[in-house]
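Please build the complete structure, drawing on both the sequences and the hints.
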Amino acid sequence: MQNKFDFKSSLQNVDKGMLAEIADLKGTPNGAYNIRRNGEGMVRHSTDNIIIEPKKDKPGIDITIKPNTKGETLHIPVIITETGVNDVVYNDFFVGENSDVLIVAGCGIHNCGDQKSQHDGIHSFHIGKNAKLKYVEKHYGDGDGNGERVLNPTTIVEVGEGAYCEMEMVQIKGVDSTVRETNATVAAGGKLVMLEKLMTHGNQIAHSNMEVSLDGEDSVAQIVSRTVGKGNSEQVFAPKAIGNNRCKAHVQCDSIIMDNAKISSIPAIAANHTDAQIIHEAAIGKINNDQLVKLQTFGMDEVEAEDIIIQGFLK
Amino acid sequence: MLEIRNLSFKVSDNDGELEIINGLNLTIDNGKFVVITGPNGGGKSTVAKLIMGIEKPTGGQIIFNGTDITNMSVTERAKLGIGYAFQHPPRFKGLTVRGLLSLAHGSELPEDACCAYLTNVGLCSKDYLNREVDTSLSGGEVKRIEIATLMARNLNIAIYDEPEAGIDLWSFTMLVDSFRAIGKNRHDSVIIISHQERIMELADELVVIADGKIRNQGPKDELLPNLLGEFNGNCSLRREVVTK
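Protein chains in written order, with our numbering: chain S, 1 to 315; chain P, 316 to 559.
Hints listed in this document are in silico derivations from the structure and should not be mistaken for laboratory results. Small disclaimer: the values here were computed from a predicted structure and weren't measured. Check each hint, because a few of them may be wrong.
[Stated by the list, open to error] Below are the DMTMM-like pairs computed for lysine to aspartate or glutamate, each with C-alpha atoms no more than 25 Å apart in a straight line: (1) P:K371 <-> S:E302; (2) S:K230 <-> S:E302; (3) P:K408 <-> S:E166.
In structure tokens:
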């Protein structure tokens, strides 16, 4: 752990590039932060209301957000710039009652070597009564080596009574293999919004399994998955919403398929209560030709038009 | 100047070849406001798509300002300043109205410019700027945004394919006013495919396309009274009603 951290001098260019890509960080973040590099904590900064402490029994941190903390931000990016790193980290987030915070996570792997580099982040969120959390996580990989870039996140979420949790999970480029496991429960009057955006290319493989249990009365869940599969990549999505009380849930999987990609969408819904209202919809299709032609009538070529359509779709 | 020479367009189906456009000739001078009309299925929209390059002709030539554009792509024609508003515009998930107008314009459009284009087509701009051009918009709304995308472009020739289709009466009045303003201030040519008398009245010239050919072409003042008379005379149902 560094005692004195300076964004400009303490980081190499490759680190800065990764941080900009995954967390939009171009300088020392405001608020609390914890930057992890190549399997080790690099710098950590708590605030009066957001306290970050290392775990004693395993790698990772405990983050405690005090009740009534409003408008504060926490950045917890992870970067891997060496080949052959296998990093497993356990992060627990305790979001206090009535707080309203933004957490920006994300993991970037820059692998120029021939060995596999992997990061498995196991995140547990305990969101207190009437709290509001927005969580943004971006996954990104680059580097011209043959070593694989692997990210296998596990996310566990407990949305408390009357709490609101919005999670945006984005993986746009350069991750060879990902298996995402998400499990969530929503208490009475709580709302969970899960937004998953993913693009795979080359020979990449992405699997996402998600299970949301609506346990409390008047709980709400919205699960949206938007993906683009290019090249020879493969994607499998299996989101499941389970209504155990009077609740509402909507599961939507929408994918654009290109080249020789393979995409499976397997949304599932289950109701264990007569007042559970759960809907799912899923669609996979190629880019509509009229959309391409429309943008070509603006003077774009086909590749530019495709890019605009995909960017919009994944925005 | 746009010159269409001996243009043909055939499609194949199970019964053989079907001729949609059959040796069509048409010249549109720079700065002209032309309305193309005619019966459904006569080939009007196909001609518009052939001019834009969305369909490829099976015979003939299209010359634009002296350049043979017959084999040019849609993109190349767009770069020459040809624009086309779809009769059934596609929707775009995630793309905002402002984003689409900026893409049409070729650079980021300031808010007030976007608002002006939207107001011209009868949309209250502040409600629409940041809305996505997706299925949350009605058919009429998407159609009006489509027309605005053409207005946002700097074109030599603008083609509108049945702009009035799916638009409510109030917005239609606004749209006619917008086309009237375009007619007065333009430096480019405008081609509108329409069945609406109020749009035909704005034209310098009317062209009637039927059975894949030009049946009539001439100044609006000469042609419009005949056209309306022709409808009244030819429609057997109407004749019956009138005689009774």
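We went through each hint and held it up to the structure:
| no. | hint | result |
| --- | --- | --- |
| 1 | P:K371 <-> S:E302 | holds, 17 Å |
| 2 | S:K230 <-> S:E302 | holds, 15 Å |
| 3 | P:K408 <-> S:E166 | holds, 20 Å |
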